[in-house]
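*Asks:* Sequence:
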Amino acid sequence: MDTKILIQSFTEFAKQKNVDRPTMIRILQDVFRAMIKKKYENDENFDIVINADKGDLEIMRFREIVDDNSEDIWDFDKIAISDAKKIEEDFVVGDEVAEEIKIEDFGRRAVILAKQTLIQRVKDLEKEIIINKYDDLIGEIITGEIYQILSREVLLVDVEGNEISLPRSEQIPKDRYRKGDSLRGIILSVEMFRGNPKITLSRTNPKFLEKLFEKEVPEIFDGLITIKKVVREPGERAKICVESYDDRIDPVGACVGMNGSRIHSIVRELQNENIDVINFTTNTDLYITRALSPAKITSLKIEKENKRVSVYLKPDQVSLAIGKGGQNIKLASKLLDLEIDVFRELDGLQEEDVDLEEFSDEIEGWIIDELKRIGLDTAKAVLNIEKDDLLKRSDLEEETVDNIRATLNKEFE
Numbered sequence: 022m023d024t025k026i027l028i029q030s031f032t033e034f035a036k037q038k039n040v041d042r043p044t045m046i047r048i049l050q051d052v053f054r055a056m057i058k059k060k061y062e063n064d065e066n067f068d069i070v071i072n073a074d075k076g077d078l079e080i081m082r083f084r085e086i087v088d089d090n091s092e093d094i095w096d097f098d099k100i101a102i103s104d105a106k107k108i109e110e111d112f113v114v115g116d117e118v119a120e121e122i123k124i125e126d127f128g129r130r131a132v133i134l135a136k137q138t139l140i141q142r143v144k145d146l147e148k149e150i151i152i153n154k155y156d157d158l159i160g161e162i163i164t165g166e167i168y169q170i171l172s173r174e175v176l177l178v179d180v181e182g183n184e185i186s187l188p189r190s191e192q193i194p195k196d197r198y199r200k201g202d203s204l205r206g207i208i209l210s211v212e213m214f215r216g217n218p219k220i221t222l223s224r225t226n227p228k229f230l231e232k233l234f235e236k237e238v239p240e241i242f243d244g245l246i247t248i249k250k251v252v253r254e255p256g257e258r259a260k261i262c263v264e265s266y267d268d269r270i271d272p273v274g275a276c277v278g279m280n281g282s283r284i285h286s287i288v289r290e291l292q293n294e295n296i297d298v299i300n301f302t303t304n305t306d307l308y309i310t311r312a313l314s315p316a317k318i319t320s321l322k323i324e325k326e327n328k329r330v331s332v333y334l335k336p337d338q339v340s341l342a343i344g345k346g347g348q349n350i351k352l353a354s355k356l357l358d359l360e361i362d363v364f365r366e367l368d369g370l371q372e373e374d375v376d377l378e379e380f381s382d383e384i385e386g387w388i389i390d391e392l393k394r395i396g397l398d399t400a401k402a403v404l405n406i407e408k409d410d411l412l413k414r415s416d417l418e419e420e421t422v423d424n425i426r427a428t429l430n431k432e433f434e
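The sequence shown runs 22 to 434 under our numbering.
Accuracy of the hints is not assured; some may be wrong.
Across the chosen pairs, the derived CB separations fall in these ranges [said to hold, decoys possible]:
(1) ASP98 <-> GLN169: 52 to 62 Å
(2) GLU366 <-> GLY278: 28 to 38 Å
(3) LYS58 <-> LYS195: 57 to 67 Å
(4) GLU166 <-> ARG47: 29 to 39 Å
(5) ASN293 <-> ARG269: 27 to 37 Å
(6) LYS58 <-> ASP145: 12 to 22 Å
(7) ARG269 <-> LYS144: 48 to 58 Å
No farther apart than 25 Å at their CA atoms in a straight line, the calculated lysine-lysine pairs in the DSS-like style are these [stated by the list, open to error]:
(8) LYS148 <-> LYS36
(9) LYS232 <-> LYS36
(10) LYS148 <-> LYS249
Please keep in mind that the hints were generated in silico from the structure rather than gathered at the bench.
Given the structure is predicted, the values throughout are model-derived calculations rather than measurements.
Don't be surprised by glycine CBs; every beta carbon is placed ideally from N, CA and C.
With these hints in hand, go ahead and build the complete structure from the sequences.
*Replies:* Written out as structure tokens, the structure is:
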């Protein structure tokens, strides 16, 4: 293969892959030096000059002329006077021979291998560039275009054509995908997988919600408001705790915006995920009360050593505290990093109700604990809730629920 064609074809390929000129020259020199080492065992006395634009290559070998009987005759940088005279008759001992090596001297197979090596080096460099680029973008929002929808993942491409994977585990359950649509998410991880960069996107990670607020709320971007913590049930509900460093700024109001203008776009992005914005406070009792919003707590008792809190509410507030499918109490527990036990306060008209502990000889203790966990601590509280709702809120089997209801009903017959 002609040297000019080899270098020019590589240069064109490298430019397509956005490889800068110094890197391109370095790769060429590395490959040619590898060829020299393979043929001559040493490359220290070789100079390589490359003109990538014109496709010119010059390889020069420098050796000192020694007498035919010299002990140094076999050194890599020495040449016998008899051999030197074959190159030029006027040479004498002590002169330096500068000999140009043609690429054809390396053999056809070596040249073909060099071409393959050059292309592979650029591909490896391209992969390295992608890894480094996205490694710096971990936790940041990017937009991609959907080009393939698979059962286990959705594949997107960025503006440079790099493939991005959105696994099923990182998808919002309510998301619906169409080829060609744009989709946003945060870069979750970047790694080499089977020799290629694997970029993983997430739409369920709490960081995604945090970054969306950062984009929509200038006060967060400018550092006037900080996000303390985010907890989510993706696509269903989320709680975000914020704090203002400026007493003149209401952090909750700034996040919600005038008539909800700021938060509405985030809610739409997350498939109508219900977002509670909570004002952080160092007052633990008040923080717990805000975390369980919209329920109104009557009183509470904190067990710091056990990391638990017992909250007491009026009967009509219990379902609000627990939320649909137990979402509100789960998220509040994650936000507070406390286990929350819900109890209903009974008034005088409900004295005929019976505490579940009274049935400990008929109902197993773990079942009573499970019912209390979801705010049902009396017999009537259990009986007043729909069977289907009880099954959704708890981890109890249908047969177990039927037996519980039958046992409690006997008490009031």
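*Asks:* Give a verdict on every hint.
*Replies:* Status of each hint after checking the structure:
1. ASP98 <-> GLN169: 52 to 62 Å: 58 Å, holds
2. GLU366 <-> GLY278: 28 to 38 Å: For GLY278 against GLU366, whose Cβ atoms are near 37 Å apart, the range 28 to 38 Å holds.
3. LYS58 <-> LYS195: 57 to 67 Å: 60 Å, holds
4. GLU166 <-> ARG47: 29 to 39 Å: Check passed, 34 Å falls within 29 to 39 Å.
5. ASN293 <-> ARG269: 27 to 37 Å: Holds, at about 32 Å.
6. LYS58 <-> ASP145: 12 to 22 Å: 20 Å, holds
7. ARG269 <-> LYS144: 48 to 58 Å: 56 Å, holds
8. LYS148 <-> LYS36: 15 Å, holds
9. LYS232 <-> LYS36: 35 Å, violated
10. LYS148 <-> LYS249: Status violated; Cα separation ~36 Å.
Consistency with the previously given hints fails for numbers 9 and 10, ordered from lowest to highest.
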